[in-house]
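Chemist: Here are the chains, one letter per residue:
4 protein chains.
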Amino acid sequence: MYVHIVDKKKDGIVVRGAKMHQTGATNSHEILVMPTLALKGGEKDYAVCFALPLNAPGITLFFGRQVNDTRRLEGGKIDLGNYDYGIVGGECLITFEDVFVPEERVFMAGEVESSRDLVTRFATAHRQNYGGCRVGIADVMIGAIALLAEIQGIDKFSHVREKLVDLVYLAERLYACSLSCSAEGKPTPSGAYFADTMLANVTKLTASQVFYDLSRGLHEIAGGFVATTPSEQDFKNPEEAKLLNKYFECKAGVPAEYRIRLGRYIENITSSTPFLEFMHGAGSPQTQRAMLFREADFEAKKRLAKKVVGIP
Amino acid sequence: MYVHIVDKKKDGIVVRGAKMHQTGATNSHEILVMPTLALKGGEKDYAVCFALPLNAPGITLFFGRQVNDTRRLEGGKIDLGNYDYGIVGGECLITFEDVFVPEERVFMAGEVESSRDLVTRFATAHRQNYGGCRVGIADVMIGAIALLAEIQGIDKFSHVREKLVDLVYLAERLYACSLSCSAEGKPTPSGAYFADTMLANVTKLTASQVFYDLSRGLHEIAGGFVATTPSEQDFKNPEEAKLLNKYFECKAGVPAEYRIRLGRYIENITSSTPFLEFMHGAGSPQTQRAMLFREADFEAKKRLAKKVVGIP
Amino acid sequence: MYVHIVDKKKDGIVVRGAKMHQTGATNSHEILVMPTLALKGGEKDYAVCFALPLNAPGITLFFGRQVNDTRRLEGGKIDLGNYDYGIVGGECLITFEDVFVPEERVFMAGEVESSRDLVTRFATAHRQNYGGCRVGIADVMIGAIALLAEIQGIDKFSHVREKLVDLVYLAERLYACSLSCSAEGKPTPSGAYFADTMLANVTKLTASQVFYDLSRGLHEIAGGFVATTPSEQDFKNPEEAKLLNKYFECKAGVPAEYRIRLGRYIENITSSTPFLEFMHGAGSPQTQRAMLFREADFEAKKRLAKKVVGIP
Amino acid sequence: MYVHIVDKKKDGIVVRGAKMHQTGATNSHEILVMPTLALKGGEKDYAVCFALPLNAPGITLFFGRQVNDTRRLEGGKIDLGNYDYGIVGGECLITFEDVFVPEERVFMAGEVESSRDLVTRFATAHRQNYGGCRVGIADVMIGAIALLAEIQGIDKFSHVREKLVDLVYLAERLYACSLSCSAEGKPTPSGAYFADTMLANVTKLTASQVFYDLSRGLHEIAGGFVATTPSEQDFKNPEEAKLLNKYFECKAGVPAEYRIRLGRYIENITSSTPFLEFMHGAGSPQTQRAMLFREADFEAKKRLAKKVVGIP
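Chains as they are written, first to last, in the numbering used here: chain A, 904 to 1215; chain B, 904 to 1215; chain C, 904 to 1215; chain D, 904 to 1215.
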């Protein structure tokens, strides 16, 4: 089912197969396709890399469903949780049914021996950035819960402060991973820098856990209202709004709406769609674990141990 | 804002305030209202317990928004994740604006001194059952991922088996907590049994963590398709269905639909609504921690330590 | 290397092999030997169970070294950490080199088909009690650190109280596991009760983790002095004692010695010997995980999932 | 009890007080004393920094007891666990009873306003290096257990490999923290570089947890023999040695002694002394948490959250 060459023409190749989980593809003009596995001898047809406009004949995009996706069609803004930055985008499945790729857009066709390097390079770069961009999300999450704690009047409680420190620790530790693999980057012959593979995999593996712990912290501090708040539409009915504003207001002078906005953001950012993205984006954790095993150099560590304990 | 007595009439009382987070209330004919805090001297008006039909004058129910709630209105079944058992229900906010409660429906009105016992009894019973009913959900979750692993052909992989064991351990450990507080239950003077308070709080505290770990395990084993699968509506278009069935099928002979159904169930059960329910249902974790501190009998433990280390 | 039958005489059997990790054997008059693995057809000679006095010809006991073992020979009491209850005992290796066992002391000799049951029964009973006896140790540990926090004047700090709650939670959750497998016990045909196998394995698996977390909590609250306190002998020199008492005293009126006693107890109870005992006593964690996999009844869980998601 | 100035002479100062937990002091010629707390107005006498030879009049060193310390006096090597690199050293308490410090060795005497900077600088540098030197220990520990797994013939088991990956992850994540705070270092006016304070505290906080998890992994893979092996002296008796070699040998051709050496190393490195050092060296975890709270810049994070959720 992976994308592969099914025919070779004089001026190009014909490909078939699917790419699943294509984040942001529906917002793009072109798609760059490359292998995601180190390939072996008999898999030459799968060693294919090319770029095409997404409206090329034979390409179909299937937009995936994500949590609360139809809230985008309701006309409101608050219930989306993150209107300005989260309204567009989504994952899609892309199928290629006998798609022709002209020669000048083909970057690889059969070079099985380069597939491992290509995949490792791509994976390392992608895993490196999980400690950067995800920490940006983590900072917004921490800011949201710190603000909500303040609005709800619990920000001075010692157990809340301890929980905020836990969240900061989680975010900064992930950031540290990303910085470290970048700092240990080495120049390739081309002059471009390549991040440290071991530490890039450590980064992504950390990212795949951290979001569950962050979410738990946010849920615990925020309280149950995140799951029980009425729709923003209810606030547009003056009669309802009167009661809702009365019972959702917390700190004097802070409108109930601000609390609701923060709650909605938390509701949406801590649902299965972002969880799965943190987990499987840039490769599933087990692939990172396989890299850790490969890169660990156990023999060097055994030599150290032999020296320390006195085994010749 | 808590429900409290604002007036006393010859034949009943008048109450005002709100009850937030009322699970299942919209499916009920009557609501039983009781205090949720141990009350002190000046809070007599808050020591109120009564039952009323939900359509009594002055009562308003605000149905809360929950993850993917409008999928219930779309006409399909699969995208809901759990159509037969999860279609109805939801949380609501209930406001009482000067609601009259006739005397015969009033069970408590000012008995501040009983409020602590009432709250502890209720909380203990509620926290006890978190290790029972939630383990039922956990068993379905484990069954779903075991089945999905089988369909996806990865159920024999050793790392998948280790992860399944992790999930079983989480579920059974929670179940153990619930059994223990029941087994240590003692009869009250009425003859009714009352679960062990310490162990009931341990049960709920365990439940508030376990769902994050269960979800992480399900997400890791299931893979990214849970977040990227198209709508069930796409499968109704024959042209789309042909491609989708081709690329979503895993094990020979198992229809793609089964995989999608399991993915949708996982998507929906691991979103913020159930997370928050596991977290804050039966009281927030910090309330359970406060009970652990209160019930721990540190003095007895200090006596043991003194004896062991030789301090008179 | 396992103990097995090497010869059969008219009035008994001759055995050879070793039993490792025999807790308490040096304090015992007799040893009861039984298989620790479910055996198969060709392993008849290993299906052997018998009891013998430990001074029978051919039996040798090798006493193992344990952390701080020679402090027992120094003549003091405090540095031992737990003089009254921890002074005796230890692990030993027992070798059987062609040891004769008279017929009347042989309980099993070749009944391969009973070995699995015998092992499961023994393991279940042993794993059950880890949630009982180890919680006793945990209670002493919690008492010691609560008392030390009080002596050091930090027991009212909110972060110390939160950490004490963490410790109580760990202990009570383990206790809950043990209670649950006992409460679910069922009578065997003999009338004797047999604990629930799944929950007994959950108990031991919990015990194998909990001690690391308990130790971490104790170390964190206690502070570094646990690793840097001088010997009790230093306190016997009046000149030294004057300075040590001055600088080790914490709370007015509490002798420095009490603090040292608690520190020594913590030093000794959180060292590798008890860690390893919690970990591998009653079988290593991986054996418990294997039992969880075997007892989980995934098929029943899959049926539940099928019903919920609508797979026939 | 902290070291402070009790008198000022024409040509120097007189100090009194104690420094606890002085790693390596007994191996040093001189001691550098500095404050460990940010000081306030009335604490001028405590703002003192100086260096002195350790045999200066009035200075007393009390050598602390550590796990298995007297094994150093037994004459063997194996039971020490790490003879070549771990034989010397230890912690001591140093008391200063009216010690005269000549002017030219006084670096600070009353500059309260500089104490905070001095402490932060020292703490940051010390916390930074925990992710470097401790990872060296972690690498030896991982090498030891990888080698032991090989000798015991379990290194190909999938669950052992998964556990080894867990250990590598723990070590590399700690290393990443240390690299990151160094990479983010900034030059001070003097030209010397100063590590990033937030990330240095993240490093130490990570170090204070990692050793418990590493130890758990080592104990689990190694098995119970680490706690039950006889003394190296037993191997010197030929009669005993014959039996011990027979029953401790694992892989053909690998002497039992190698297994014992590795076991002894693990026994000693995973005891309370190194645990406490990882925990409280460079300051206790709660001090690092306080720094995380101080350095987190919650206001900046709140501004991000406001922008994302639409609060003006």
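Since the hints were made in silico from the structure, they are not lab data.
Where is the CB? At the ideal position from N, CA and C, for every residue including glycine.
Incorrect hints may appear among the rest.
Simulated restraints, written as ranges between beta carbons of each label pair [to be verified]: (1) D:P960 <-> C:S931: 26 to 34 Å; (2) C:F1060 <-> B:V1157: 53 to 61 Å; (3) C:K1145 <-> D:R1024: 32 to 40 Å.
Chemist: Would you pick out the hints that fail for this structure and give their numbers low to high?
Modeler: 1
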